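Place chain X on chain G using the hints.
Listed below are the residues making up each chain.
2 protein chains.
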Amino acid sequence: MSQPNKPIFERIAIIGIGLIGSSLARAVRERGLADHIAIATRSSQTLEKAEKLGLGDSYTTDAVKAVADADLVVLCVPLGTIGAVGKAISGSLKNGAIVSDVGSSKASVIKDLDGVLPDGVHLVPAHPVAGTEFSGPEAGYASLFNGHWCVLTPTAKTDTDAVKKVRALWEACGMKVEEMDADHHDQVLAITSHLPQLIAYTIVGTATDMEDDSKREVMKYSAGGFRDFTRIAASDPVMWRDVCLNNKDAILDILGRFGEDLNNLQRAIRNDEGDLLETMFSRTREIRSGIIEMGQDKPDIKPED
Amino acid sequence: MSQPNKPIFERIAIIGIGLIGSSLARAVRERGLADHIAIATRSSQTLEKAEKLGLGDSYTTDAVKAVADADLVVLCVPLGTIGAVGKAISGSLKNGAIVSDVGSSKASVIKDLDGVLPDGVHLVPAHPVAGTEFSGPEAGYASLFNGHWCVLTPTAKTDTDAVKKVRALWEACGMKVEEMDADHHDQVLAITSHLPQLIAYTIVGTATDMEDDSKREVMKYSAGGFRDFTRIAASDPVMWRDVCLNNKDAILDILGRFGEDLNNLQRAIRNDEGDLLETMFSRTREIRSGIIEMGQDKPDIKPED
Numbered sequence: 135m136s137q138p139n140k141p142i143f144e145r146i147a148i149i150g151i152g153l154i155g156s157s158l159a160r161a162v163r164e165r166g167l168a169d170h171i172a173i174a175t176r177s178s179q180t181l182e183k184a185e186k187l188g189l190g191d192s193y194t195t196d197a198v199k200a201v202a203d204a205d206l207v208v209l210c211v212p213l214g215t216i217g218a219v220g221k222a223i224s225g226s227l228k229n230g231a232i233v234s235d236v237g238s239s240k241a242s243v244i245k246d247l248d249g250v251l252p253d254g255v256h257l258v259p260a261h262p263v264a265g266t267e268f269s270g271p272e273a274g275y276a277s278l279f280n281g282h283w284c285v286l287t288p289t290a291k292t293d294t295d296a297v298k299k300v301r302a303l304w305e306a307c308g309m310k311v312e313e314m315d316a317d318h319h320d321q322v323l324a325i326t327s328h329l330p331q332l333i334a335y336t337i338v339g340t341a342t343d344m345e346d347d348s349k350r351e352v353m354k355y356s357a358g359g360f361r362d363f364t365r366i367a368a369s370d371p372v373m374w375r376d377v378c379l380n381n382k383d384a385i386l387d388i389l390g391r392f393g394e395d396l397n398n399l400q401r402a403i404r405n406d407e408g409d410l411l412e413t414m415f416s417r418t419r420e421i422r423s424g425i426i427e428m429g430q431d432k433p434d435i436k437p438e439d
Numbered sequence: 135m136s137q138p139n140k141p142i143f144e145r146i147a148i149i150g151i152g153l154i155g156s157s158l159a160r161a162v163r164e165r166g167l168a169d170h171i172a173i174a175t176r177s178s179q180t181l182e183k184a185e186k187l188g189l190g191d192s193y194t195t196d197a198v199k200a201v202a203d204a205d206l207v208v209l210c211v212p213l214g215t216i217g218a219v220g221k222a223i224s225g226s227l228k229n230g231a232i233v234s235d236v237g238s239s240k241a242s243v244i245k246d247l248d249g250v251l252p253d254g255v256h257l258v259p260a261h262p263v264a265g266t267e268f269s270g271p272e273a274g275y276a277s278l279f280n281g282h283w284c285v286l287t288p289t290a291k292t293d294t295d296a297v298k299k300v301r302a303l304w305e306a307c308g309m310k311v312e313e314m315d316a317d318h319h320d321q322v323l324a325i326t327s328h329l330p331q332l333i334a335y336t337i338v339g340t341a342t343d344m345e346d347d348s349k350r351e352v353m354k355y356s357a358g359g360f361r362d363f364t365r366i367a368a369s370d371p372v373m374w375r376d377v378c379l380n381n382k383d384a385i386l387d388i389l390g391r392f393g394e395d396l397n398n399l400q401r402a403i404r405n406d407e408g409d410l411l412e413t414m415f416s417r418t419r420e421i422r423s424g425i426i427e428m429g430q431d432k433p434d435i436k437p438e439d
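Chains G and X supply the protein sequences, listed in that same order.
FYI, this note's numbering numbers position 83 of the first sequence as 217, with every residue one higher than the one before it.
FYI, this note's numbering numbers position 214 of the second sequence as 348, with every residue one higher than the one before it.
Honestly, I wouldn't trust all of these hints.
In this list, chains with the same sequence are indistinguishable; a pair is considered to hold if it fits within one copy or across any two.
[Said to hold, decoys possible] Computed list of lysine-lysine pairs in DSSO-like fashion (alpha-carbon distance at most 30 Å, straight line): (1) Lys140 / Lys310; (2) Lys432 / Lys183; (3) Lys299 / Lys354; (4) Lys354 / Lys382; (5) Lys291 / Lys221; (6) Lys291 / Lys228; (7) Lys349 / Lys298; (8) Lys299 / Lys245; (9) Lys310 / Lys299.
Hints are computed from structural coordinates only; laboratory data are not their basis.
All values derive from a computational prediction rather than experimental measurement.
The shape of chain G in the complex, shown without the other chains:
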């Protein structure tokens, strides 16, 4: 456990208490980053779990109540409900409050909340790039964010002091924080996160459509590579539905490029172009080396080392 920090906020309201929300609550509590953690979630069943886990200081199914007097509100709800939640709470936010979020697309969050939040309330869109394939309040843990990136996408009118405070929060949770333009964030994440996820869903879906006998054999011999995709494809369907709907343009662009590359591969196989295939399979090593040089993955060493 880390040394207790000086609290950054008096009252944090966490709206939505799934994997990310509950991990944030745990990290804030463990590191003493707020005097009071108010937790709100629509489902009374989920709220009960959160209370049983002792994730906060107060609990309510009414987001409006949770945000009253909060100096920071973090929306940890699916992207599709951000606009509605923003509208619901807007009248109860105190002057000077910061509203942030944890959504995987950022331009849509700005669009959904712009004009909804009252003057004197500061919007600081954020995306802590961390997660697992598990969902719900039990799935969270305080060290989830350690060593990962958090991207902030302030707009021209975002208050710089508010940005500093949100940055301080995520840094205290162990994250490396970067700022960038929302559209740029959406393009980068479309390839590093959204495309891999959609590919995993698709490949497992392709197998799901097979006849029962074949399907049993796919499961049986899944350790050959397929199994890793099934793990990724176990992620929360609602979250990923909303990512698709809210980062539509960037995702369609990257799916288009990927589809072209896949067609190229198919053609090379159909035409028995061995040299081309070998080149295609060799050039991908450049990016792998770059990732290792940048310290984003462990060097490639064999399992028993």
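Chain X only, in chain G's frame:
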């Protein structure tokens, strides 16, 4: 280390000493499965490494010499060279010798070796479904095969005693052994192993084509999912080139199905079909549950459990 077994073979010749060949050599040595391990590889540099690692009892760059007097010959070379190696050694195989392999496609191996091996020599095509993304004699380790499946694809004319002996070898190496028709093997592996690998190569290739600035950011934020694909895409390009060329029909069939499913996904995103997307992302859980029930992966528990 396991208890020494009674040797199954007097002399095993391992032709090709990469990841699989060197792992087999180590397992045979460690478990006392043969009195003599003869190692052959074309490259004198690789042979030197194998000798330095003490993987066998005799070493040669000439496969013809290695197979003389061997009662089992295991071809651990890329699929593209199996036919040529088979032809080269055919005149030196002793009567009653067994020839096996470790290739990822099986119909092509039967086609390449059928009619090439002399009468009285028994072909037992095999595929130990195990591996890592590493290559070369240093990458191998004796426990690589533990708990994984090995598929044997004997033909109607394969000697049953020879099949029993090859089964005993892989079982002694820790594998679960199944027999099936070669074409069926090729179809199952096309989805469980070949498609995931080709998808990983393609997605990393798509990123490789981006401008340098974007590429750096893809590396930086790769932990969001993309990174896992770069690890898979670090696998041996020559091996995978040969898999594509030798399991062409099954791979093209499954790439076609996957491509259709990908088009469906694109259309659903383009048309904002949220319900359809959620259904697509939920139905993949069935296969995941099946894999866990069949003991092919650990249950989904959160990382800190």
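Results of checking the hints against the structure:
Taking the closest pair of Cα atoms, Lys140 and Lys310 come within 30 Å of each other only inside a single copy of the chain (19 Å); across copies the shortest separation is 57 Å, beyond that limit. Proximity of Lys432 to Lys183 under the C-alpha cut-off of 30 Å is restricted to the inter-copy arrangement: shortest distance 25 Å between copies versus 36 Å within a copy. Taking identical chains as interchangeable, the C-alpha atoms of Lys299 and Lys354 lie at most 30 Å apart only when they sit on different chains, with a minimum of 24 Å there against 50 Å within one chain. With identical chains, the CA atoms of Lys354 and Lys382 are at most 30 Å apart between copies only, with a shortest distance of 23 Å across copies and 35 Å within one.
Taking CA atoms no more than 30 Å apart as the test, Lys291 paired with Lys221 passes inside one copy only; the shortest distance there is 20 Å, against 74 Å between copies. Taking CA atoms no more than 30 Å apart as the test, Lys291 paired with Lys228 passes inside one copy only; the shortest distance there is 19 Å, against 83 Å between copies. For a Cα distance limit of 30 Å, the shortest separation of Lys349 from Lys298 across copies, 28 Å, qualifies, whereas the shortest one inside one copy, 52 Å, does not. When the C-alpha separation of Lys299 and Lys245 is checked against a cutoff of 30 Å, the pair qualifies only within one copy, where the shortest distance is 22 Å, while the shortest distance between copies is 68 Å.
Proximity of Lys310 and Lys299 under a CA criterion of 30 Å is satisfied intra-copy only: 14 Å inside one chain copy versus 56 Å between copies.
In summary, the structure agrees with every hint in the numbered list given earlier.
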